[in-house]
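Engineer: Read off the chains here:
2 protein chains.
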Amino acid sequence: MQVTIRDVAKASGVSPSTVSRALAPGGAVSPVTRERVRAAADRLGYQPNQAARGLITGRTGHLGVIVPDLLNPFFADICKGVQARARGLGLTVFVSDTERDEGLELDAIRTLAPQVDGIVLCSPHLSGEELGSLGDFTDKPIVLLHRKEPGFGCVTADLVEGMTDALTHLHALGHRRIAYVGGPRSSWAARERAAGVEAVAASGLVEIVQVGSVAPHFDGGVTGAADVVLASGASAVLAFDDIVAFGLISRFTVRGVRVPEEMSVVGCDDIALSGMAAPPLTTVSVPKAHGARAAVDLLCRILATPAAEGEQPPQRVLLTHLVVRGSTAALDRRQRA
Amino acid sequence: MQVTIRDVAKASGVSPSTVSRALAPGGAVSPVTRERVRAAADRLGYQPNQAARGLITGRTGHLGVIVPDLLNPFFADICKGVQARARGLGLTVFVSDTERDEGLELDAIRTLAPQVDGIVLCSPHLSGEELGSLGDFTDKPIVLLHRKEPGFGCVTADLVEGMTDALTHLHALGHRRIAYVGGPRSSWAARERAAGVEAVAASGLVEIVQVGSVAPHFDGGVTGAADVVLASGASAVLAFDDIVAFGLISRFTVRGVRVPEEMSVVGCDDIALSGMAAPPLTTVSVPKAHGARAAVDLLCRILATPAAEGEQPPQRVLLTHLVVRGSTAALDRRQRA
DNA sequence: GTGAAAGCGCTAACAA
DNA sequence: TTGTTAGCGCTTTCAC
Chain F
1 MQVTIRDVAK ASGVSPSTVS RALAPGGAVS PVTRERVRAA ADRLGYQPNQ AARGLITGRT
61 GHLGVIVPDL LNPFFADICK GVQARARGLG LTVFVSDTER DEGLELDAIR TLAPQVDGIV
121 LCSPHLSGEE LGSLGDFTDK PIVLLHRKEP GFGCVTADLV EGMTDALTHL HALGHRRIAY
181 VGGPRSSWAA RERAAGVEAV AASGLVEIVQ VGSVAPHFDG GVTGAADVVL ASGASAVLAF
241 DDIVAFGLIS RFTVRGVRVP EEMSVVGCDD IALSGMAAPP LTTVSVPKAH GARAAVDLLC
301 RILATPAAEG EQPPQRVLLT HLVVRGSTAA LDRRQRA
Chain P
1 MQVTIRDVAK ASGVSPSTVS RALAPGGAVS PVTRERVRAA ADRLGYQPNQ AARGLITGRT
61 GHLGVIVPDL LNPFFADICK GVQARARGLG LTVFVSDTER DEGLELDAIR TLAPQVDGIV
121 LCSPHLSGEE LGSLGDFTDK PIVLLHRKEP GFGCVTADLV EGMTDALTHL HALGHRRIAY
181 VGGPRSSWAA RERAAGVEAV AASGLVEIVQ VGSVAPHFDG GVTGAADVVL ASGASAVLAF
241 DDIVAFGLIS RFTVRGVRVP EEMSVVGCDD IALSGMAAPP LTTVSVPKAH GARAAVDLLC
301 RILATPAAEG EQPPQRVLLT HLVVRGSTAA LDRRQRA
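Residue numbers (UniProt numbering), protein chains in the order written: chain F, 1 to 337; chain P, 1 to 337.
Simulated from the structure, these hints should not be mistaken for laboratory data. If you're wondering where the values come from, they're calculated on a predicted model, not measured in any experiment. Just so you know, not all the hints are guaranteed correct.
[Claimed, not checked] Straight line, CA to CA, 25 Å or less: simulated SDA-like cross-link-like pairs of lysine to any residue:
#1 P:Lys10 x F:Lys80
#2 P:Lys80 x F:His290
#3 F:Lys80 x P:Gln2
#4 F:Lys140 x P:Pro114
#5 P:Lys80 x F:Gly58
#6 F:Lys10 x P:Gly58
#7 P:Lys80 x F:Arg87
#8 F:Lys80 x P:Ala113
#9 P:Lys80 x F:Leu104
#10 P:Lys80 x F:Glu102
#11 F:Lys140 x P:Asp69
#12 P:Lys80 x F:Lys10
#13 F:Lys80 x P:Asp101
#14 F:Lys80 x P:Pro287
#15 F:Lys140 x P:Asp101
#16 P:Lys10 x F:Arg110
#17 F:Lys80 x P:Asp69
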């Protein structure tokens with residue numbers, strides 16, 4: 001079977017507790033003993049049993065990440081980021097894909113909570129109340145990633161600024177009538193982005209044509225939205241996210257409308273695909289890996305210093321930036337066409 | 001704190017052991033008691049502590065999946081599949097993204113092994129010897145997914161047949177000179193697929209132009225390969241996987257070569273993107289979710305019936321099928337162009 | 001059918 | 001600095 005702490009103890013001629021101390025970071029052991037124990041542990045290939053340790057310390061050494069869809073590269077990137085940071089901290093991570101199903105999401109939280117030290121939750125769709133009621137199920141810390149909700153530690157990106165940058169860019173290119181294809185109404189991120197767009201519209205910088213809301217799947221019903229955009233007389237379109245943007249471009253191509261010559265397209269997220277597509281997508285870059293790392297760090301900070309009663313956990317807002325690529329062009333190029 | 005088995009015991013007026021039995025599937029308890037215990041457990045919101053249970057039973061209730069890159073939708077799909085099946089079995093899954101780094105992969109196996117009941121390993125790059133030496137680190141069962149290696153339980157797809165179907169399809173369309181852009185030489189899947197292509201070439205059905213090997217990233221150096229294909233006089237190209245195929249198409253577009261009119265392209269894997277791209281990709285569909293489920297099931301079977309000494313664990317080969325979409329066309333259309 | 005007791009592998013008091 | 005003891009929450013003998 002497995003090598004236990006007692007095997008190491010016997011092999012190095014000390015007691016199990018000494019082994020425990022020798023292997024722990026701040027254990028009070030003589031350097032000689034520590035070395036001897038280390039050597040024995042290495043030789044035997046000793047791996048502490050996390051479960052047994054956790055029973056005592058109350059720490060599992062595990063983190064949970066919950067995302068709506070791993071196939072969306074945005075979330076795949078987030079999982080990679082969480083994982084990479086966790087690995088650096090000696091933590092292993094459970095990944096739960098909830099298939100955009102709120103029931104599964106609640107289940108996942110309930111199942112994961114007892115088995116982890118904390119959870120990084122990407123939950124665009126759960127309502128604020130549902131989120132708030134999570135405290136009834138568990139007292140494990142939950143950090144919201146790319147969503148802001150009172151009472152939770154949060155890491156978000158400043159999408160209002162991001163949308164503003166995107167529209168300002170289009171304005172600078174001469175576009176005055178711009179369509180916005182929104183994301184699902186139930187999504188927090190979609191509402192946030194829409195708010196950013198509306199703020200710009202209210203400022204009168206450009207005219208915004210709102211074009212419904214669309215699910216961010218590759219197989220989502222973007223076709224109709226693309227046709228509406230085409231009919232609207234807009235010379236440019238801003239999409240809820242890159243996936244929607246690709247869907248639009250695909251439909252534009254079918255309809256014989258060239259991007260960017262006849263239609264400028266801006267996405268949001270900057271998923272890995274965006275730089276490689278033809279044309280490469282101009283998009284609002286959201287810090288995915290960085291956000292993931294920040295969420296893990298925030299989780300660890302909360303773990304290290306339990307919040308005082310009623311104290312609001314920290315909320316961190318990251319910066320976005322516009323990446324100008326090949327899917328946007330000056331309006332006059334279109335007129336020449 | 002947490003609700004323990006003793007809280008439930010007290011609440012239902014029985015001993016902890018009775019609670020344990022009442023909640024276990026095959027526990028010998030009177031129906032009345034079981035009901036009473038169940039009710040109390042529900043009322044208190046009792047969740048058995050997996051760690052404590054595992055300490056005794058030797059089962060963690062956890063599974064590990066190790067993949068080279070979560071951003072590759074092929075592997076994202078696999079993780080989703082493993083997850084979905086595991087959820088149905090009451091298991092939670094650790095996901096480890098090894099960033100295509102063999103060192104990280106070995107680390108991941110070593111780290112994960114003690115914390116899980118078994119591992120689903122997608123490891124294209126580890127050598128057969130390295131794989132074989134895994135037994136020194138752990139006796140936890142490891143099932144190889146999309147790779148075959150003696151001594152391991154394996155779930156693979158029949159890519160030799162898949163490649164044959166693809167080339168036969170192109171042949172039927174009138175193509176006689178076909179380029180093959182291979183994957184990384186260190187990859188088992190790449191070698192397997194190449195073998196399939198070579199088998200067809202040897203049969204004399206079509207002429208195959210081998211065009212080096214290319215990394216399956218979206219940002220990989222496909223450009224050069226595309227140019228070689230163009231220069232080779234081939235009228236069609238078969239790519240190692242869909243991602244490479246997209247890279248090729250992207251370059252063809254830049255070079256002004258129309259797909260499928262002037263160049264037919266076939267991918268492999270059938271990632272989610274493939275059906276949505278413009279043009280939608282003709283590709284060899286590999287059963288991703290199905291393979292993932294089969295791997296989990298195989299793992300569970302091995303767990304349930306430990307293999308006899310020296311006995312070869314089961315190996316399962318799944319079928320592929322060609323999905324004909326819009327990236328392939330008959331050769332004469334090209335001549336008309 | 002049920003309870004008492006032992007112990008999984010480990011860490012944290014407490015002594016020495 | 002080190003060893004001894006107790007016990008984390010649970011399951012599993014073993015009695016009854």
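Engineer: Sort out whether P:Asp101 lies within 25 Å of F:Lys80, counting only the CA atoms.
Structural biologist: holds, 14 Å
Engineer: Hint check: F:Lys10 vs P:Gly58, CA-CA at most 25 Å. Holds or violated?
Structural biologist: holds, 23 Å
Engineer: Is it true that the CA of F:Lys80 sits at most 25 Å from the CA of P:Pro287?
Structural biologist: Satisfied, since the Cα-Cα distance of roughly 24 Å is no more than 25 Å.
Engineer: With a cut-off of 25 Å on the C-alpha distance, tell me whether F:Lys80 and P:Asp69 pass.
Structural biologist: holds, 8 Å
Engineer: Assess, step by step, whether the Cα of P:Lys80 is no farther than 25 Å from the Cα of F:Gly58, and give holds or violated.
Structural biologist: violated, 30 Å
Engineer: Measure nothing beyond the straight line between the CA atoms of F:Lys140 and P:Pro114; if it is 25 Å or shorter, mark the hint as holding.
Structural biologist: holds, 24 Å
Engineer: Between P:Lys10 and F:Arg110, does the CA-CA distance stay at or below 25 Å?
Structural biologist: holds, 24 Å
Engineer: Decide if the proposed pair is consistent with the structure: F:Lys140 and P:Asp101, CA atoms, cutoff 25 Å inclusive.
Structural biologist: violated, 33 Å
Engineer: Would you mind confirming whether the straight-line C-alpha gap from P:Lys80 to F:Glu102 stays at or under 25 Å?
Structural biologist: holds, 16 Å
Engineer: Does P:Lys80 pair with F:Arg87 here, judged by a C-alpha cut-off of 25 Å?
Structural biologist: holds, 21 Å
Engineer: With a cut-off of 25 Å on the C-alpha distance, tell me whether P:Lys80 and F:Leu104 pass.
Structural biologist: Given pair P:Lys80, F:Leu104 holds - Cα atoms ~13 Å apart, limit 25 Å.
Engineer: With the threshold set at 25 Å, check whether the alpha-carbon distance from P:Lys80 to F:Lys10 stays at or below it.
Structural biologist: Violated. P:Lys80 to F:Lys10 sits at ~44 Å, over the 25 Å cutoff.
Of the numbered hints listed earlier, those contradicted by the structure are 1, 3, 5, 11, 12 and 15.
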